[in-house]
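Number of protein chains: 2
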Amino acid sequence: MDFVIIGGDAAGMSAASRAKRNQPDIQVTVIERTQDVSFSACGMPYNIADPRRPMDDLVVRSVDAFQKQGIRMLTGYEAIRIDRDARMVHGAMLQKEPFSIPYDKLLIATGAAPVVPDIPGSNLPGVMTLKHLEDGRRIKSFIAGKPVSRAIIVGMGYIAMEMCEALRERNIAVTMVKPRSTLFPWMNDQLSQVIHQELQSNGVILQLGFSPERIEKTNRGLKLCGADTELEADMILLAIGVKPNSRIASASGIETGVHDAISVDHRLQTSDPDIFSAGDCADAFHVVTGQKVWIPLALRANRGGWAVADNILGKSVELPGIAGTAVFKVFHLEVARTGLSLQESVSAGFSPVDTVIQSRSRAHAHPGSFPIWVHMIGDARSGRLLGVQMVGREGAAHRINAPAVALHTHMTVEAFSQSDMAYAPPFGPVWDPLLTAANQLLKKM
Amino acid sequence: MDFVIIGGDAAGMSAASRAKRNQPDIQVTVIERTQDVSFSACGMPYNIADPRRPMDDLVVRSVDAFQKQGIRMLTGYEAIRIDRDARMVHGAMLQKEPFSIPYDKLLIATGAAPVVPDIPGSNLPGVMTLKHLEDGRRIKSFIAGKPVSRAIIVGMGYIAMEMCEALRERNIAVTMVKPRSTLFPWMNDQLSQVIHQELQSNGVILQLGFSPERIEKTNRGLKLCGADTELEADMILLAIGVKPNSRIASASGIETGVHDAISVDHRLQTSDPDIFSAGDCADAFHVVTGQKVWIPLALRANRGGWAVADNILGKSVELPGIAGTAVFKVFHLEVARTGLSLQESVSAGFSPVDTVIQSRSRAHAHPGSFPIWVHMIGDARSGRLLGVQMVGREGAAHRINAPAVALHTHMTVEAFSQSDMAYAPPFGPVWDPLLTAANQLLKKM
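Heads up: the sequence lines are chains E and Z, in that order. At position 231 of the first sequence (counting the first as 1) the number is 431 in this note's numbering, and the numbers step up by one without a gap. At position 15 of the second sequence (counting the first as 1) the number is 215 in this note's numbering, and the numbers step up by one without a gap.
A portion of the hints provided could be inaccurate.
Pairs count within a copy or across copies, as identical chains cannot be separated in the list.
Okay, derived cross-link-like pairs now, DSSO-like style, lysine-lysine, Cα gap no bigger than 27 Å in a straight line [what the hints assert, rightly or not]:
#1 644 / 515
#2 492 / 220
#3 515 / 331
#4 296 / 443
It is worth saying that the hints were derived from the structure and are not from the lab.
Could you build the full structure based on these sequences and the hints that come with them?
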């Protein structure tokens with residue numbers, strides 16, 4: 201069988217490796233546009249923060265290693281068109297020669313691409329995005345090559361936050377701008393304020409409500425112009441979000457859906473039964489709503505790759521879906537979420553009730569404790585837990601997995617509030633912050 | 201209504217406070233043998249570690265504060281007998297005068313007492329146990345009052361581990377002894393070895409298979425004698441375990457069960473419908489087996505106290521049970537467990553399959569990562585998750601709550617393996633250690 205994979209990142213290489221390992225006689229071909237496969241994209245901000253570490257530290261497994269495993273690795277090959285009738289992928293190599301590769305089963309794992317705002321100057325040198333390892337190398341050598349003392353980050357998502365910390369680590373002054381007036385639209389305002397303060401106390405300047413209109417080159421560097429204000433910097437990072445690389449699918453008549461992501465069923469099959477999709481280009485079912493969502497995150501990509509490998513090898517695997525569990529670190533804060541936000545709960549037709557509590561990371565009278573904030577949402581009609589957000593200096597990141605598991609099982613807030621959680625003074629109060637939140641939320645439901 | 205509570209610790213004071221708050225016209229009386237109520241017993245080792253902190257830091261709420269709330273606080277009163285026909289508690293004050301207090305509803309929250317081995321010399325000065333705040337004060341003033349350079353801890357449970365760290369913190373040489381040859385009988389051997397090494401690398405001497413036969417006074421201090429060996433020390437801590445204080449219940453014909461703990465139903469009601477029991481003296485249903493167990497821990501005590509208050513006030517509350525979730529810190533290690541051990545799984549009639557994996561606390565190539573070990577047990581017949589144990593320098597304590605929630609919902613290992621857990625490089629690998637363990641375990645099931 202010819203198993204062809206477009207895209208050599210998390211989903212693609214997980215699928216390639218698992219398929220080849222579980223059925224060695226299968227022919228696996230990976231078509232990858234860049235020279236890099238299987239690297240830790242999420243590690244790039246932390247790598248950029250440390251000038252001593254080479255960017256290639258982030259390569260989890262080399263092209264060579266995959267080739268030795270018997271996987272045909274076509275790096276520098278760009279897939280352009282899928283001929284579904286002939287079961288053929290057409291494309292061009294970097295040197296522009298065309299290629300055509302037949303498939304029996306095809307995986308589209310083309311990932312996502314940064315959204316670049318359509319403003320003049322967004323392609324000037326010093327204006328960066330961060331998605332591929334090559335982007336990371338470019339940013340790192342840009343910082344190493346010339347004095348970069350001021351940076352502007354456009355956008356305030358996860359990557360923006362992590363890059364903000366990385367650039368401050370490199371002693372670069374950072375201004376963050378975004379058109380909307382809220383820091384995180386999905387986040388409870390009280391929790392959002394905690395992050396706002398953390399950014400400010402680490403010297404980051406926040407300009408909410410700033411709409412970039414153009415970028416200009418100046419004598420000293422770059423200038424980001426809004427309606428009334430101009431900001432100068434040596435470097436500008438565009439981090440306003442990503443969009444799925446689904447064009448190759450939609451152009452060949454494969455169904456796309458939410459946010460133009462490629463529609464897949466629980467088996468990761470697209471509208472063409474011989475074509476699968478996984479990773480940041482594909483959608484998923486949300487375990488809380490049962491509805492399709494597009495939340496591109498690394499775990500789902502890896503898991504999706506495995507599931508595709510199993511499914512094409514005849515071991516039927518259905519993925520239940522995602523809870524939207526995510527965590528990021530910004531300076532000394534851990535920020536975590538799972539499930540729906542309040543607005544998403546309303547949109548999904550629930551009758552949400554929510555609460556915010558402040559607890560502590562260690563027991564009463566235990567030294568070294570920090571505050572922990574928990575925002576919890578339940579559905580007044582069904583009693584179900586809908587979502588949780590947490591912020592704190594310690595104890596937020598790993599705690600979020602407990603409500604994530606609860607969301608997978610459609611647990612009620614009441615049942616969740618009765619969970620037997622761990623207690624010892626160095627790790628939290630007797631009533632875990634999550635239990636305190638659930639107890640408070642129950643009073644309102 | 202006369203609501204009488206025997207025992208002013210976690211369960212008793214939680215019940216007293218909640219009952220009075222929710223129905224101010226109720227008469228609440230607390231009978232407490234000691235002078236201390238509502239203190240953080242689990243905080244005592246950490247307090248003992250720090251000579252500058254007064255032991256009373258651990259008092260969560262004072263006797264005065266409860267009295268101001270309108271609760272009748274009878275400290276220094278020892279309940280001795282319950283006359284169930286007359287609905288009366290009889291006892292004696294410290295000054296030996298007898299008292300008799302009538303009740304409509306009674307809560308027995310007498311807690312647990314340290315097991316003192318029946319060997320000569322166990323009552324010598326310098327031989328200690330740790331349960332009440334007064335025990336903590338006694339240990340602390342003993343250390344402050346004379347040069348204590350060597351201590352022996354008999355037993356290797358949670359309190360033994362925490363006290364071992366506390367005494368090392370005070371620069372006291374510690375030898376730990378126990379009769380059995382295994383460090384933690386409930387723990388997977390590979391994980392147990394990690395703790396063994398941590399204890400040794402912190403200068404603790406472990407003598408497994410040492411059966412204490414007697415304690416003697418010497419010129420310089422104390423001597424603990426086994427069959428062949430003798431150990432000298434300035435202080436000996438007996439920490440071989442606790443037993444429920446259930447005698448007052450059994451003597452009045454109230455049913456007791458596992459480990460002689462007071463038998464309660466899901467409403468915390470004893471075999472007498474007017475008498476409830478909560479806290480370390482009462483048993484509980486295990487959510488994995490549905491069977492009665494006695495696992496005395498702080499969260500259950502607090503939760504049980506609340507449930508009793510609700511039930512006597514007419515708001516019927518049923519507690520689903522416990523998963524046996526627990527965590528402790530020993531030097532730089534976090535040690536956590538939930539659910540059944542392998543031996544407990546066999547005893548409960550399951551067909552357990554288990555696996556041990558070693559993962560890391562941070563992502564590939566992220567600096568500062570430490571190993572994390574996960575032991576996971578599933579049932580081959582039903583596919584259910586049965587139990588998890590974790591050890592690591594970081595990331596073990598809070599992670600345990602996710603499988604704890606899964607146990608409450610009788611989740612299968614397969615469903616658990618599909619949980620959407622959080623990922624960011626500072627907090628773990630893409631595949632959370634728990635997911636890696638579940639994936640590995642699935643291969644064996």
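We went through each hint and held it up to the structure:
With identical chains, the CA atoms of residue 644 and residue 515 are at most 27 Å apart between copies only, with a shortest distance of 16 Å across copies and 46 Å within one. When the C-alpha separation of residue 492 and residue 220 is checked against a cutoff of 27 Å, the pair qualifies neither within a copy, at 30 Å, nor between copies, at 49 Å. With identical chains, the CA atoms of residue 515 and residue 331 are never at most 27 Å apart, being 33 Å at best within one copy and 55 Å at best between copies. In this assembly of identical chains, residue 296 and residue 443 lie within 27 Å of each other by CA distance solely inside one copy; the values are 26 Å within and 79 Å between copies.
Checked against the numbered hints given earlier, this structure breaks hints 2 and 3; the rest are met.
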